[in-house]
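Q: So the protein sequences, as listed, match chains A and B.
Using the numbering used here, you'd call the opening residue of the first sequence number 543 and step up by one each time.
Using the numbering used here, you'd call the opening residue of the second sequence number 34 and step up by one each time.
Possibly wrong hints are sitting among the right ones.
[Unchecked claim] A few chain A residues facing chain B, derived, Cβ under 8 Å:
1. 583
2. 584
3. 591
4. 645
5. 649
6. 653
[Said to hold, decoys possible] BS3-like mimics (lysine-lysine), calculated; alpha carbons at most 30 Å apart, straight line:
7. B:88 to A:652
8. A:584 to B:47
9. A:649 to B:88
10. B:47 to A:544
11. A:609 to B:47
[Unchecked claim] Derived Cβ-Cβ restraints for the label pairs, each shown as a range:
12. A:568 to B:92: 19 to 29 Å
13. A:610 to B:42: 40 to 50 Å
14. B:42 to A:549: 44 to 54 Å
15. A:619 to B:74: 34 to 44 Å
16. B:87 to A:552: 19 to 29 Å
17. A:594 to B:48: 29 to 39 Å
18. A:610 to B:53: 27 to 37 Å
It should be emphasised that the hints constitute simulated quantities derived from the structure, not laboratory data.
Using N, Cα and C, we set each Cβ at its ideal position, and we do this for glycine too.
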Amino acid sequence: QKEVEQDPGPLSVPEGAIVSLNCTYSNSAFQYFMWYRQYSRKGPELLMYTYSSGNKEDGRFTAQVDKSSKYISLFIRDSQPSDSATYLCAMIPFLYGGSQGNLIFGKGTKLSVKP
Amino acid sequence: GAVVSQHPSRVICKSGTSVKIECRSLDFQATTMFWYRQFPKQSLMLMATSNEGSKATYEQGVEKDKFLINHASLTLSTLTVTSAHPEDSSFYICSAWGSSYNSPLHFGNGTRLTVT
Numbered sequence: 543q544k545e546v547e548q549d550p551g552p553l554s555v556p557e558g559a560i561v562s563l564n565c566t567y568s569n570s571a572f573q574y575f576m577w578y579r580q581y582s583r584k585g586p587e588l589l590m591y592t593y594s595s596g597n598k599e600d601g602r603f604t605a606q607v608d609k610s611s612k613y614i615s616l617f618i619r620d621s622q623p624s625d626s627a628t629y630l631c632a633m634i635p636f637l638y639g640g641s642q643g644n645l646i647f648g649k650g651t652k653l654s655v656k657p
Numbered sequence: 034g035a036v037v038s039q040h041p042s043r044v045i046c047k048s049g050t051s052v053k054i055e056c057r058s059l060d061f062q063a064t065t066m067f068w069y070r071q072f073p074k075q076s077l078m079l080m081a082t083s084n085e086g087s088k089a090t091y092e093q094g095v096e097k098d099k100f101l102i103n104h105a106s107l108t109l110s111t112l113t114v115t116s117a118h119p120e121d122s123s124f125y126i127c128s129a130w131g132s133s134y135n136s137p138l139h140f141g142n143g144t145r146l147t148v149t
């Protein structure tokens, strides 16, 4: 079993729909969870960043972490064509301020929002 | 705004030549930077961890003599692809942790390398 599983899609939704993106993981030591958005031929852009379980909201985006189920989600409300991108989940047990460690990434879900 | 700057964004070179890619942390010091490679429709693959003032740590299967990493200052890491071949054509991305202890990882905008 891979450490992080993410459905690669593609996922196609109409404009205005609520999008749900998910990742599951196997390592119970993960505590920091991030969602990145990557447009074609660009580097990943940090969208949301959460620590431990719970919800975090930022505008149209909501990140959820359920550590008991080892399951994280990113919800996008009122989706727009400009949200069309690949969304990568990432997680790590600890943040060391750069002294060590690196993120474990999901493979990314390609999202397409149709006008 | 961007906290990690990467240059160039795109480069085309002939087979056998070397290419240098720069990664800079903006407004903060990064003792550690990471270099990734991404092939089309694939996820990010960590190549190496760049440590300021010391040798880089390479992931298994990555040739350290081919992918030279230099982290000479706290704001700059460089990746040099030596004697490039067409199979080295890929999207190379660097990243760095933010300035505070629990800051997440930020990425540069990537460099599209095409070897002809």
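Q: Does each hint fit the structure? Answer for all of them.
A: Now for the hints, and whether the structure bears them out:
no.	hint	in the structure
1	583	holds, 6 Å
2	584	holds, 6 Å
3	591	holds, 4 Å
4	645	holds, 6 Å
5	649	holds, 4 Å
6	653	violated, 14 Å
7	B:88 to A:652	violated, 36 Å
8	A:584 to B:47	holds, 23 Å
9	A:649 to B:88	holds, 29 Å
10	B:47 to A:544	violated, 37 Å
11	A:609 to B:47	violated, 49 Å
12	A:568 to B:92: 19 to 29 Å	holds, 20 Å
13	A:610 to B:42: 40 to 50 Å	holds, 42 Å
14	B:42 to A:549: 44 to 54 Å	violated, 30 Å
15	A:619 to B:74: 34 to 44 Å	violated, 27 Å
16	B:87 to A:552: 19 to 29 Å	violated, 42 Å
17	A:594 to B:48: 29 to 39 Å	violated, 49 Å
18	A:610 to B:53: 27 to 37 Å	violated, 47 Å
When the structure is compared with the earlier hints, violations turn up for hints 6, 7, 10, 11, 14, 15, 16, 17 and 18 and for no others.
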